[in-house]
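J.: Chains as they are written, first to last, in the numbering used here: chain U, 1 to 255; chain B, 1 to 255.
Some hints here could point you the wrong way.
All copies of an identical chain are treated as equivalent in the list; a pair is satisfied when it fits inside any one copy or across any two copies.
PhoX-like, lysine-lysine: derived pairs with alpha carbons at most 25 Å apart [to be verified]:
hint: 1; residue 1: Lys90; residue 2: Lys245
hint: 2; residue 1: Lys7; residue 2: Lys116
hint: 3; residue 1: Lys151; residue 2: Lys252
hint: 4; residue 1: Lys75; residue 2: Lys36
hint: 5; residue 1: Lys229; residue 2: Lys245
hint: 6; residue 1: Lys217; residue 2: Lys245
hint: 7; residue 1: Lys132; residue 2: Lys90
hint: 8; residue 1: Lys116; residue 2: Lys151
Everything labelled a hint here was simulated from the structure, so no lab data went into it.
Number of protein chains: 2
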Amino acid sequence: MFVNYDKLRRDLIGIAIEGPSSGTLSGHAIGEPFDKLVSKCIKEQFPKNTFRQFEYLNFLFSKNKDAITTEARYKLFNSPTIMFLLSRGKSATEQWSPENLFQEKQNDTADILVTKDDRFELIDVKTRNLSKNAQPPNIISAYKLAQTCAKMIDNQDFELFDIVYFQIDWEQENNFLICKDTSMASLFLSNPSELYINWAAAMQIQFHVNELNQDYKGNKEEWSRHYLKHFTDEARNRSNMMINKFVKPFEKYIY
Amino acid sequence: MFVNYDKLRRDLIGIAIEGPSSGTLSGHAIGEPFDKLVSKCIKEQFPKNTFRQFEYLNFLFSKNKDAITTEARYKLFNSPTIMFLLSRGKSATEQWSPENLFQEKQNDTADILVTKDDRFELIDVKTRNLSKNAQPPNIISAYKLAQTCAKMIDNQDFELFDIVYFQIDWEQENNFLICKDTSMASLFLSNPSELYINWAAAMQIQFHVNELNQDYKGNKEEWSRHYLKHFTDEARNRSNMMINKFVKPFEKYIY
């Protein structure tokens, strides 16, 4: 991995940001300033290699101005897996121009990416209010991750990228939000068969970063195949559960 | 139905409320003041019969102080269907006391209820920003509605209650939000087989109130059985789709 997360942690613990001027401290509103602060700190470590996801797309397309069709632009990504994770939809990609740059999008895969020597570190920042006992946040769509694993295997893309989650634990003190602790976890170091999939919440994998185990011993190909086993088992269970819970009890009422 | 929705519409169109002092105009933040305004207008029509859902629970338990166990409190509801729709969980119900009243809860079934002669009109207020082309909002859990229909049939509770959705269309003008239009729709007058169920979004039924058809001709028992047919058909389809989309394409990757 590129980023020195110990240094990042030292940079951030104790940092205060101004709280919102009014209203509730909801997840998204709070997350954003901390997320931008993490970007800034990582950029200090890698000034030329750190991007917001949309900035990377603008950078990639800007330095390849002769690629003007959607296909040509999609070919600029150095693998189908990276293209799947980072690119925007067809019409947005076609409509891109130096005068019509991409903007930040809430459902982009990564908040931050660091890229060097054709390798990618995708970083997603999660924030946690220590004074609330909140549900684990949405991490990534379990289906999107299954598609990613299939593409990794199809293209043997195992050395190309890492996915890292970085969590900021904060507390409010007067008008400031103070970073009290941080955690990081690498997705491919966690046991794939223990990932919790919330099917009713847009199939999102959910966890608190500080609670994610990091003791998986296999390589990324093994991880991908184990994850796909877990995902298909869970999908089959959910499919059966739907018949048992949502169909059978109500059949007697139907004419 | 009790409420005069034509009068409510006349009371509301053109009304301005103060916009939020800062931040984005997100769904919940905007909905609340309009929702409270609708409560106030309905209360003018039925001063003694209009409640927020939690106010009704506090009212019901307060006038029956000798009911102190959870079972005794649950028996105060005049039918199992109404109890299912309006009551809180067991531990919250047990812990209720005149000194520990219920507070508003975001996932209560109804925003407002009007009750008279042992009948109930449950009203849910939806707000729509006319300058955005927003997704249809969450209406009610399709599973909760299926359970409600089964209970209606089991208890022959067809005359006991109605469920009404009232939509406020608003636009921002300077620092004010202006109510430009309103719509109302009765759930049991819509064609149950056309209700859209978003399985990935917590199984929520979703529609814009102004787009809900109102030409169902059957009675409430027929509605309930038609809805249960639709719900079980959709659950079976979703269950099959999960195997086809989330299991089969990935089986070849599994050891």
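J.: So, for every hint listed, does it hold in this structure?
T.: Comparing the hints with the structure gives:
Taking the closest pair of Cα atoms, Lys90 and Lys245 come within 25 Å of each other only across two copies (22 Å); inside a single copy the shortest separation is 39 Å, beyond that limit. For the identical chains of this complex, Lys7 and Lys116 are intra-copy neighbours only, at 19 Å inside a copy versus 66 Å across copies, given an alpha-carbon limit of 25 Å. For a Cα distance limit of 25 Å, the shortest separation of Lys151 from Lys252 across copies, 13 Å, qualifies, whereas the shortest one inside one copy, 44 Å, does not. Taking identical chains as interchangeable, the C-alpha atoms of Lys75 and Lys36 are never at most 25 Å apart, the minima being 30 Å within one chain and 54 Å between chains.
Taking identical chains as interchangeable, the C-alpha atoms of Lys229 and Lys245 lie at most 25 Å apart whether they share a chain (24 Å) or sit on different chains (14 Å). Taking CA atoms no more than 25 Å apart as the test, Lys217 paired with Lys245 passes in neither setting, with 37 Å inside one copy and 30 Å between copies. Proximity of Lys132 and Lys90 under a CA criterion of 25 Å is satisfied inter-copy only: 23 Å between copies versus 40 Å inside one chain copy. Taking the closest pair of Cα atoms, Lys116 and Lys151 come within 25 Å of each other only inside a single copy of the chain (21 Å); across copies the shortest separation is 61 Å, beyond that limit.
When held up to the earlier numbered hints, the structure conflicts with 4, 6 and fits the remainder.
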